[in-house]
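*Asks:* Whenever a hint applies, use it, and build me the whole structure from the sequences.
Number of protein chains: 2
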Amino acid sequence: MNLKDTIRSIPGWPIEGVIFRDLTTLMQNPTAYKETCDIFYHRYKDMQIDKVVGIDARGFVFGAVLAYHLNVGFIPVRKKGKLPYHTISENYALEYGENTVEIHADAIDNGERVVIIDDLIATGGTIEAAVKLVKKLGGDILECGFIVELPDLKGREKIKGENIFSICEFEGD
Amino acid sequence: MNLKDTIRSIPGWPIEGVIFRDLTTLMQNPTAYKETCDIFYHRYKDMQIDKVVGIDARGFVFGAVLAYHLNVGFIPVRKKGKLPYHTISENYALEYGENTVEIHADAIDNGERVVIIDDLIATGGTIEAAVKLVKKLGGDILECGFIVELPDLKGREKIKGENIFSICEFEGD
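Protein sequence lines correspond, in order, to chains S and Z.
For the first sequence, the positions run 0 to 172 when numbering that gives the first Met the number 0 is used.
For the second sequence, the positions run 0 to 172 when numbering that gives the first Met the number 0 is used.
By construction, these hints were calculated from the structure, which means they are not laboratory data.
We treat Cβ as the ideally placed atom computed from N, Cα and C, and that holds for glycine.
A few of these clues could be false.
Stated by the list, open to error - Derived coverage of chain S by chain Z (criterion: at least 3 residues anywhere in the stretch with Cβ under 8 Å from a Cβ of chain Z; other residues may be distant):
hint, stretch
1, 21 to 28
2, 32 to 43
As the list claims (entries may be wrong) - Facing chain S, a subset of chain Z residues (Cβ under 10 Å, in silico):
hint, residue
3, K3
4, R7
5, D21
6, Y32
7, I38
8, H41
9, D55
10, A66
11, Y67
12, G80
13, T99
14, D105
15, N109
16, G171
*Replies:* In structure tokens form, the structure reads like this:
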């Protein structure tokens, strides 16, 4: 199936000039959701991954299934103030606004092989911050995986040197 | 394995007097995470579920895996302002603070059989709001499933009449 057709585009959300790519329509379509999760699993199953990092909150919906199937731990990167134990944090600029993300300081051991999953890469601020957090903990990032990439926003340039995989692209954003 | 032993207890977070039950340590333990997800799957696999509703954001980590394995759609209930399309909303009181949750108005069809998953039931405000949202859309709630229940906080009383399942309990909260 064409996964892109299951993603809803919402012009003007959350601010004027942005076309938001809404993956809830993909998630609520069982065939599309399964196919998306299976693409990630088949891509990463032979990479000896130790931990899957998912980014708050849509990254959880795809990263969790991947962690389950790889039989490895799932590690959340969360918005500031959501993780209860000792954390490290990174600030970043969003396409619209700014934010801070955190990870538990004991979530990843030095040298562990990590894949980071988020739903979408736009300007790349969130994934750049997540990459920095994982590296601070000594994680070896095998790849950053996304369902959607918006290439016009050049998010890849924020994480040069990392492997990047996206299932589909939307141009003209 | 004893799943309770994989849950980290953090006294005084997010406010004094509360013992926070931190499930990130369960999620990062592959055996515990798999066992938790499998308990839900085996419980719901023969109930002809049409949709799994997961509550923002830790409910996503468990609800998503359940939706995948049941081969049904995953529906997020999210904090206010996170869902981009037409929503309905419910306000509720938290154990510490208050909040609003939303669901997409087209997420559930009338008569669909639904299970709602969250990580934890404390005073029950969040699940009560989620139950109301699903019912407003005409969903038939088969059960509300949790990893942790804090029975002293009497969350069950908020959703009397619903089936409630929790994998483990912590007393003395």
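*Asks:* Would you mind marking each hint as holding or not holding in the structure?
*Replies:* Hint-by-hint comparison with the structure:
Evaluation of the coverage hint for the stretch 21 to 28 of chain S: fulfilled, as 5 residues show C-beta separations to chain Z shorter than 8 Å, against a requirement of three. Note: the stretch 32 to 43 of chain S has 3 residues with beta-carbon separation from chain Z under 8 Å; the three-residue rule is met and the coverage holds. Because the closest C-beta pair between K3(Z) and chain S is about 17 Å apart, greater than 10 Å, the hint is violated. Interface restraint check: R7(Z) against chain S, minimum CB-CB distance 7 Å, threshold 10 Å, status holds.
The restraint placing D21(Z) at the interface with chain S holds, with a minimum CB-CB distance near 5 Å, inside the 10 Å limit. With its C-beta approaching chain S no nearer than about 6 Å, Y32(Z) sits inside the 10 Å limit, and its interface hint holds. With its C-beta approaching chain S no nearer than about 13 Å, I38(Z) sits outside the 10 Å limit, and its interface hint is violated. A cut of 10 Å between beta carbons decides the hint on H41(Z): the least distance to chain S is about 14 Å, and the hint is violated.
The beta carbon of D55(Z) is positioned within 10 Å of a beta carbon in chain S (closest approach about 6 Å), and the interface hint is therefore held. Taking 10 Å as the C-beta contact cut-off toward chain S, the hint placing A66(Z) at the interface holds, the least distance being around 7 Å. Annotation: Y67(Z) was flagged as interfacial toward chain S, and the flag holds, the nearest CB pair being 5 Å apart, inside 10 Å. Satisfaction of the interface hint for G80(Z) is found here, the shortest Cβ-Cβ separation to chain S being roughly 8 Å, below the 10 Å cut-off.
Because the smallest distance between the Cβ of T99(Z) and any Cβ of chain S comes to about 16 Å, over 10 Å, the interface hint for this residue is violated. Because the beta carbon of D105(Z) sits about 9 Å from the nearest beta carbon in chain S, less than 10 Å, this interface hint is met. Look at N109(Z): its Cβ only gets to about 15 Å from chain S, farther than 10 Å, so that hint breaks. Evaluation of the G171(Z) hint against chain S yields a violated restraint, the C-beta minimum of about 18 Å exceeding 10 Å.
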